[in-house]
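Asks: The lines below spell out each chain.
2 protein chains.
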Amino acid sequence: MTPQFAPVELEKAYRLINHGATALVSAHHAGVDNVMSASWVCGLDFKPAKLTVVIDKIARTRELIEQSGYFVIQVPTVAQLQMTYDLGTRTLRNDPDKLQHCGAELFRMEGHGDLPFVAGCSAWLACKLIPEPHNQQAHDLFIGEIVGAWADTRVFSNGHWHFEDADPSLRSLHYIAGGQFYATGEALNANTDLG
Amino acid sequence: MTPQFAPVELEKAYRLINHGATALVSAHHAGVDNVMSASWVCGLDFKPAKLTVVIDKIARTRELIEQSGYFVIQVPTVAQLQMTYDLGTRTLRNDPDKLQHCGAELFRMEGHGDLPFVAGCSAWLACKLIPEPHNQQAHDLFIGEIVGAWADTRVFSNGHWHFEDADPSLRSLHYIAGGQFYATGEALNANTDLG
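Chains as they are written, first to last, in full-length UniProt numbering: chain A, 1 to 195; chain B, 1 to 195.
Bound conformation, chain A alone (with noise of 0.2 angstroms):
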């Protein structure tokens, strides 16, 4: 389902979510996979690389962080809309066979022990949770430093998204509310020359 990716540094992995993707969020811990969906995920610092994602006291995943201390960021492409958008409603608390219902495939990456990787996504990022416990406690926000970032070289390279030359159901997602989302659109570019 991914048939090609490939490392990206560190530094520029904030690069991967920049654009305010709709994101999938995946823990292990004991022998429990899941994955949600989840908007509200945002680049934080360069170096070290970190990102903060709020998760809601609901969520199986939530637990799944807090037991493990890491954690999967991924970007969903529009090939994978309505996935996305059935791991965002359903619950593994009361669908045991959540992630099947929902069609998601994992796999796992060297060097990173039993964390869930979602199939068929353009990015991945390894996060290690920095515990804040007023953040999780107060705001249901958590940070993640970036440990790992992956992304399929179909779309990224050389630090750069390319979706202009890929195919149109590799594009990102963004998502409103009810179901409502958008694809990522026309490439521009602004003149970098200050003058």
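There may be inaccurate statements among the hints.
[Claimed, not checked] The calculated DSS-like cross-link candidates involving lysine-lysine, where the alpha carbons are at most 30 angstroms apart (straight line), are:
hint, chain 1, residue 1, chain 2, residue 2
1, B, LYS12, A, LYS57
2, B, LYS57, A, LYS47
3, A, LYS57, B, LYS128
4, B, LYS47, B, LYS57
5, B, LYS57, A, LYS128
6, A, LYS128, A, LYS47
7, A, LYS57, A, LYS128
8, B, LYS47, A, LYS57
9, B, LYS47, A, LYS128
10, B, LYS47, B, LYS12
11, B, LYS128, A, LYS47
12, A, LYS12, B, LYS57
13, A, LYS12, A, LYS47
I should point out that these hints are in silico values taken from the structure, not numbers from a laboratory.
The structure displayed is predicted, hence computed values, not measured ones.
Given the structure of chain A, go ahead and fit chain B onto it with the hints provided.
Replies: Leaving out everything else, chain B in the frame of chain A:
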């Protein structure tokens, strides 16, 4: 420049930034206005509505926020591509006419004092700083409670964006790095019937 805009319910204000658009952050204190662009703006809560924004210690706008306790997050359009880039690279510290040089025109909103709003954007979120000294110092992370929200009715109404019905120049921007942006693209809808 902004002929038609209407208030947005605070509980739905997160939808104005949920698609991960690049934002402009503005603030005012003691006669000084400033505006900067920021990619790292993210929803945090629905009710009361809150958001996060990452602002480097070097930014003059950060001082204005810390001094006044208020700021505005706004969503610039494709028509404002160059202005958005320039507002992120020029600084008021060595360019006192930064706003004029970038082509940013400000207006005030009734009931919101001297808070500066950037004309021509598609959405505006007036925010009250929730002071969190640890997050601000350690992570450059600021939390705001959204106390007012408005959107251009040509692209947002009834709680949803409808870029597909409007001029493409009103779409949002999604920044990557080095002057590279993407516009918001195709509208997509997931099947919301869990079946």
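Asks: Look at each hint and say if it fits the structure.
Replies: A quick look at each hint next to the structure:
1. B:LYS12 / A:LYS57: It holds: about 21 angstroms lies between the C-alpha atoms, which stays within 30 angstroms.
2. B:LYS57 / A:LYS47: holds, 15 angstroms
3. A:LYS57 / B:LYS128: Between LYS57 of chain A and LYS128 of chain B the Cα gap is close to 25 angstroms, so the pair holds against 30 angstroms.
4. B:LYS47 / B:LYS57: Between LYS47 of chain B and LYS57 of chain B the Cα gap is close to 29 angstroms, so the pair holds against 30 angstroms.
5. B:LYS57 / A:LYS128: holds, 25 angstroms
6. A:LYS128 / A:LYS47: It holds: about 14 angstroms lies between the C-alpha atoms, which stays within 30 angstroms.
7. A:LYS57 / A:LYS128: holds, 19 angstroms
8. B:LYS47 / A:LYS57: holds, 15 angstroms
9. B:LYS47 / A:LYS128: Roughly 29 angstroms between the alpha carbons, so the hint for LYS47 of chain B and LYS128 of chain A holds.
10. B:LYS47 / B:LYS12: holds, 9 angstroms
11. B:LYS128 / A:LYS47: holds, 29 angstroms
12. A:LYS12 / B:LYS57: holds, 21 angstroms
13. A:LYS12 / A:LYS47: Satisfied, since the Cα-Cα distance of roughly 9 angstroms is no more than 30 angstroms.
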